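*Asks:* Here are the chains, one letter per residue:
2 protein chains.
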Amino acid sequence: MSDCLFCKIIKNEIPSKIVYRDDLVTAFWDIHPQTPVHILIVPNQHIAGAAELTPAHAETLAAMFVAANAIAAEHGVAQSGYRLTINQGPDSGQAVFHLHLHLFGGKRMSDRRG
Amino acid sequence: MSDCLFCKIIKNEIPSKIVYRDDLVTAFWDIHPQTPVHILIVPNQHIAGAAELTPAHAETLAAMFVAANAIAAEHGVAQSGYRLTINQGPDSGQAVFHLHLHLFGGKRMSDRRG
Chain A
1 MSDCLFCKII KNEIPSKIVY RDDLVTAFWD IHPQTPVHIL IVPNQHIAGA AELTPAHAET
61 LAAMFVAANA IAAEHGVAQS GYRLTINQGP DSGQAVFHLH LHLFGGKRMS DRRG
Chain B
1001 MSDCLFCKII KNEIPSKIVY RDDLVTAFWD IHPQTPVHIL IVPNQHIAGA AELTPAHAET
1061 LAAMFVAANA IAAEHGVAQS GYRLTINQGP DSGQAVFHLH LHLFGGKRMS DRRG
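Residue numbers (my numbering), protein chains in the order written: chain A, 1 to 114; chain B, 1001 to 1114.
Think of the hints as simulated: they come from the structure by calculation, not from any bench. Computed from a prediction, not measured in an experiment: that's the story for all the values here.
Distance ranges between label pairs, derived from CB positions: (1) A/Glu52 x B/Ile1018: 18 to 28 Å; (2) B/Arg1108 x A/Phe97: 16 to 26 Å; (3) B/Gln1045 x A/Glu59: 10 to 20 Å; (4) B/Asp1003 x A/Ser2: 49 to 59 Å; (5) A/Arg21 x B/Thr1054: 16 to 26 Å.
Every residue gets a Cβ at the ideal spot worked out from N, C-alpha and C, and that includes glycine.
Using the sequences and the hints given, assemble the complete structure.
*Replies:* Printed below as a string of structure tokens:
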């Protein structure tokens, strides 16, 4: 989508700290990291959010999680642990309407989710 | 796995509040809900956690997210929004070593993740 922030990042039209890229997925640092490691893993295809996911996205979803594991290893949090989160809609605080998997790591995370 | 809590729930060997079941996925209420809607979506196959995921799990992963969307609709949070989270390893607070996707909804969730 021509007006989508993450589509522009994927196409290198906006600078970002890209850490991973393959045919299906691009990953880059969150512009406002909430944890020492905070990377966003996004499908190269424009998908507005988790609510749009269907069985046809199986390969893309798997690529996102496989990328997350590689990124966790590369950033030293594979053993210490990491949290993978997708926000969907207003109550979740979803701010960009291009599906993105947050990878949080590098500190002990709260069990509070409220 | 014979000693896995979630495998026992899937096989109905331990009671739980199951809300969804298909060939690939089972979903049930978290025993200690952190939000008004807090449901766990798990693969019927024993997978220890997100770190074990490979491209071979594509169909299962898609089934988990498609189930999440159906569950969100059924529990009245499809429009208000929901957060989908997988915890991997110590820093994340992962407590059961059978892959599970948390679905949180029914209230405005914090942006703090630390």
